[in-house]
Amino acid sequence: MRSLRIGFAGTAKNTGKTTTLSALMDSFLEDGWRLGLTSIGYDGENLDNVTGLPKPRIYVQPGVLVATSTRCVEASSAKLRLVRETDINTSLGPVIIGKVEEPGLVVLAGPSYSKGLESVLLLFEEEGVRVSFIDGAFGRIAPMNVADGLVLCTGAARDRRVSVIAEEARGVERILKLNSWSGSPDAVLPQGSLIGEYPDEGLLPVRLPPRGAVLVEGAVSPAALNLFLSSHRELLDGGTVVFENPVSLIAGGAAAENERLIRQFHSVKFCVLKRLELFGVTVNPFYPERGRVEGTFEARYIDAVKLLDVFRRNLETLVLDVKREGIGALYQQVLAYLRNWEPQACRQLYRKCTS
Amino acid sequence: MVEEKKKILLAPLDPVHDVGLKMIRRALDEAGYETNLLPPDLPPEEIVKNMIAYKPDYTLIGRTLGYDVETVLSRLVDLADASGLRPKMKMVVGGMPIKPELAAELGFDAGFGPGTTPEEVVAYIEGRLEAEQHTKVLRQKPKIAEGFSYRFVNEEIGRLCSEIADEALAWASERTSPGIERSQIRREMFSLQRRGDSAGVEKLRREYAALCDSFIKPFYDLGQTVGKTRLLSESELAALNEYAAEAASRLVPRRVRHSKERPLVFTQYGTGCPFMDVAHIKVVEAWGADGVIHFDPSWGARHEGLLEGHITHEEDGSPITPENLALIKHSLMPWTLWQVRAHRGLNTPETVVLAGEMKADLTKVNMVYGSLGAGTDPERLVVDGTEALRLAAEYGLPYDVVTNEELCGVPAYKAFAGMLIVATMGIKLGGRPILKPLFCYSPEVLINGQMSDNYVDFNAAKLMALRSIIDAPVWPGEPVGFMTHTSDRIQASATTMLHACLASSLDAVAVTISSSDEAFSGGPISAASRVDTLRAVTEGMRFFGKAKIQPTEKAEEFARGITEGIQKVLQQVKARGSFVSALYEGLLGNKEDGVYPGRAGRQTVRTRST
Amino acid sequence: MKEPINLVMDAIDVETFLACTSEEEARNTMLEIMKRMGLNEAEIVFVETIGPGARVRARCYVHKPGDEYRWLRGGRKHG
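Chains as they are written, first to last, in the numbering used here: chain A, 2 to 356; chain B, 4 to 613; chain C, 10 to 88.
Rather than coming from a laboratory, the hints here were simulated on the basis of the structure. Hints are supplied without guarantee of correctness; some may be wrong.
What the hints assert, rightly or not - Derived DSBU-like pairs (lysine-lysine); straight-line CA-CA distance at most 35 Å: (1) B:K263 x B:K362; (2) A:K275 x B:K58; (3) A:K116 x B:K91; (4) A:K275 x A:K100; (5) B:K220 x C:K73; (6) A:K80 x A:K270; (7) B:K25 x B:K146; (8) A:K14 x A:K116; (9) C:K44 x B:K231; (10) A:K178 x A:K14; (11) A:K116 x B:K362; (12) B:K10 x A:K275; (13) B:K10 x A:K116; (14) B:K25 x B:K332; (15) A:K100 x B:K362.
Please work from the sequences and hints to get the whole structure.
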């Protein structure tokens with residue numbers, strides 16, 4: 002049976018991604034869910050500043066399945082029993098799936114691309130995992146398209162100006178809230194058509210039926226998207242442009258600009274083939290400031306109340322400061338989604354947990 | 004069906020530097036791949052567009068460090084994934100100091116550090132190495148003693164060696180010693196251990212103890228420590244393993260050799276403490292050494308029996324025990340060659356058993372040096388050494404035959420005659436000997452003046468003579484430049500480098516180098532001094548590349564003299580009719596030369612009962 | 010904070026040129042310099058005195074084989 006797949010994307014290091022992920026995992030564990038944990042790359046935040054060595058960060062409890070590379074297994078303090086080997090390789094060795102036998106910290110470096118992540122999640126699911134946690138990696142989001150939903154983690158470590166980070170989060174939110182679309186498109190722009198400075202003219206449709214739908218495959222660059230939309234303004238007016246998934250618009254750091262274009266061309270309807278739920282946005286007032294001694298950092302905080310306030314006024318999604326407010330609201334949000342998404346399994350588990 | 008050529012896209016993501024990728028492209032073209040080199044400094048989006056159009060199997064990104072490089076690289080990987088390219092295309096980044104952790108974080112399949120050769124990239128594309136290895140700069144364990152026919156070019160010398168060796172082998176085959184018996188017991192202990200028969204092992208251990216001398220015996224009988232040794236504790240071992248693993252995870256080695264695959268560069272270790280040994284091994288591995296050689300305490304050769312357990316020693320030389328060797332072996336990088344020397348004492352066959360069981364790459368056997376220069380009774384060492392040669396062949400271990408007696412004053416030609424006899428015995432037993440003449444400023448040349456003008460001619464002559472005699476690997480030892488070093492680290496590094504480059508110029512298979520504080524007698528060798536000479540040799544190899552050092556015409560003359568001398572000595576040994584008697588009687592080195600037959604293990608050889 | 014000298018793997022070497030007139034003076038001066046730097050058990054590795062003075066190198070072992078190596082993380086004891 003398919004698991005609920007939750008991705009955790011941080012806008013920068015020190016935005017509280019690990020804290021959020023760990024807290025949410027603990028909530029599910031307390032209620033007896035079978036969990037899987039992996040990542041889309043080594044979390045570079047976990048380097049010991051003094052020694053440059055991996056520093057395990059995520060504490061895992063017995064029973065959790067973990068997919069990570071062999072070298073990271075050695076660096077973990079949790080005791081893992083090998084459950085499955087995979088043919089996915091990383092620069093830190095092949096990815097294995099292990100079951101936590103004794104609790105401790107794990108270092109994660111899972112499959113770094115979508116297809117590999119998908120196969121790890123399928124293996125999790127064969128092993129009975131019901132909720133899969135996918136830790137993000139700095140600067141990349143593409144593999145998350147195999148997830149069902151995201152938790153976005155942002156905060157002062159990204160930028161100390163609250164309005165800037167709120168606007169950015171709002172952009173991601175809007176992209177993730179694009180409606181889903183199904184049907185047969187009137188034209189298809191194959192992969193690569195809207196990447197780079199210019200749209201690939203050779204591949205553009207000559208003509209569209211009125212209110213037709215154009216499917217855009219693959220990633221999209223703002224420059225090419227802009228030219229495509231402007232030069233076909235009349236043709237596309239009242240029509241629909243369908244992207245494969247929201248990640249196509251976010252990958253490569255293009256979220257803010259692509260979102261601006263989507264708002265600007267309001268006579269066109271923008272949809273995605275596969276949606277990605279936004280479960281919530283967590284905010285963290287913390288930021289590290291370079292200390293007076295070379296190589297040291299001091300902890301600083303922006304106004305936490307104002308941070309929450311600005312975010313809540315600008316975003317429709319649940320906004321949470323996990324350190325202050327706990328994880329409860331986010332947990333309830335995911336459970337609510339799960340109830341609709343997979344009612345039967347959920348009800349069974351609910352009975353089990355409440356009896 | 005014709006297999007389609009693999010397609011490789013090369014993208015210099017750097018405003019200026021694309022030389023590295025051009026070199027890699029040339030190597031890939033030569034290896035028969037289809038390549039496409041993009042213009043430098045395209046934005047990630049344009050590179051992805053090219054990937055979509057070209058459909059490569061691999062994309063190599065060249066990037067030296069620059070502002071915000073990590074963001075640019077991760078954006079590129081992200082776009083490639085979002086464009087559906089990643090399942091069929093591997094992405095590799097090179098040119099920047101990239102650790103496996105960073106490669107994984109950025110989403111690359113592998114990363115190549117600076118100094119990676121085009122050949123290494125080709126090897127990676129051809130799948131000859133695991134992702135994990137090439138990310139740390141891919142290196143394979145080199146083979147040292149292959150590609151030689153072991154046939155005598157000089158037929159007369161070949162005939163003499165063969166006849167002497169036959170006599171020696173026949174003589175030895177009828178004899179045995181406590182050393183041979185211990186080696187057999189030790190081997191059986193390993194075999195029982197693998198089967199989990201601990202009672203059987205314990206029984207054999209008692210038999211073993213009975214064959215040890217009064218220095219070693221109390222260790223087995225009473226559990227007493229021996230000499231200035233003590234057992235390492237569990238927590239010490241845990242810390243050692245942790246240290247080695249952590250150091251290994253950060254290790255992106257430099258390369259010592261430049262454009263040539265030979266000579267392999269070896270260094271020696273043996274501080275007494277396996278812990279410091281491992282620390283130093285990690286240092287020399289990082290600075291590019293190809294191999295390391297284990298030095299045991301001098302008393303290890305003089306006593307009957309080896310110790311067991313994780314043992315540290317207060318003075319020079321790290322005790323040979325199964326556990327110590329396992330510890331060192333565990334800490335080595337997968338490509339590092341490892342030599343465990345067996346050559347000179349009363350535990351020669353057993354040391355080969357340990358080297359073989361512990362999966363060492365090389366050992367060392369020389370009965371002539373061991374009995375004339377290292378204090379072991381000739382009769383005993385010929386019996387034990389022959390068994391060691393047999394065992395080395397059985398374990399598939401190549402070994403060097405060194406002429407250290409040159410340092411005592413034995414002229415090169417005499418020492419070489421002994422080396423060739425032992426090598427011939429080894430060849431006859433199915434082994435792969437490596438000839439190890441010294442590159443040194445020996446007493447012989449001090450007295451006779453062969454090096455009054457330069458150090459090149461006579462050292463070159465040694466190799467020229469050996470090459471005119473037999474087609475076998477030659478590895479100048481040990482360490483090269485012996486007796487030319489002073490405690491001035493610049494001088495010591497320079498002379499080491501020059502001797503190593505001479506070895507390279509003469510196409511030696513390997514070379515052993517010292518540290519720059521080899522001549523300082525006030526304390527142990529320091530890690531920084533090991534780096535000194537490795538750096539010097541690296542620069543020397545870079546400077547000379549494939550260029551040759553030109554000896555003067557004297558070298559030919561010296562080589563002829565050495566060859567004639569070898570032949571004369573072999574004729575004398577042949578005429579004596581007994582290799583062992585020749586050793587006792589000084590035909591291969593005598594008191595006047597500065598050596599005399601050793602006494603350790605006298606009258607311990609027994610005739611084999613049938 | 011880590012004690013900096015604990016990170017020395019084995020020995021600290023100090024190399025310099027002393028304006029002095031004899032090897033003996035060079036040795037004594039160098040050892041005195043080492044002592045004042047807190048490196049009490051120093052030895053002279055190398056000295057070469059010609060004309061204007063001496064090129065000299067002194068060494069102090071911080072960790073000898075078999076010592077407790079304080080460069081290990083966590084400062085564990087070991088041999």
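Hints versus structure:
Between B:K263 and B:K362 the alpha-carbon distance is near 27 Å, which keeps this suggested pair within the 35 Å criterion. A C-alpha spacing of about 25 Å is found between A:K275 and B:K58, which places the hinted pair at or below 35 Å, so the restraint holds. Annotation: proposed proximity of A:K116 to B:K91 holds, straight-line Cα distance about 10 Å (limit 35 Å). Restraint check for A:K275 and A:K100: the C-alpha separation of about 31 Å stays at or below 35 Å, so the hint holds.
Simply put, B:K220 and C:K73 have alpha-carbon atoms about 29 Å apart, close enough for the 35 Å limit, and the pair holds. Proposed proximity of A:K80 and A:K270 is contradicted: the alpha carbons are some 51 Å apart, above 35 Å. Between B:K25 and B:K146 the alpha-carbon distance is near 29 Å, which keeps this suggested pair within the 35 Å criterion. For the given pair, A:K14 sits about 25 Å from A:K116 by alpha-carbon distance, which is consistent with the 35 Å threshold.
As the CA atoms of C:K44 and B:K231 are separated by approximately 30 Å, the hinted pair is consistent with the 35 Å bound. As the CA atoms of A:K178 and A:K14 are separated by approximately 25 Å, the hinted pair is consistent with the 35 Å bound. Restraint check for A:K116 and B:K362: not satisfied, since their Cα atoms lie roughly 39 Å apart, outside the 35 Å limit. Proximity of B:K10 to A:K275 is assessed by CA-CA distance (about 32 Å); at most 35 Å being required, the pair is judged to hold.
With a C-alpha separation of about 21 Å, the suggested pair B:K10 and A:K116 falls inside the 35 Å cut-off, and the hint holds. Of the supplied pair hints, the one linking B:K25 and B:K332 is violated, its CA atoms being roughly 39 Å apart against a limit of 35 Å. Straight-line distance between C-alpha atoms of A:K100 and B:K362 comes to about 33 Å, which keeps the hinted pair within the 35 Å bound.
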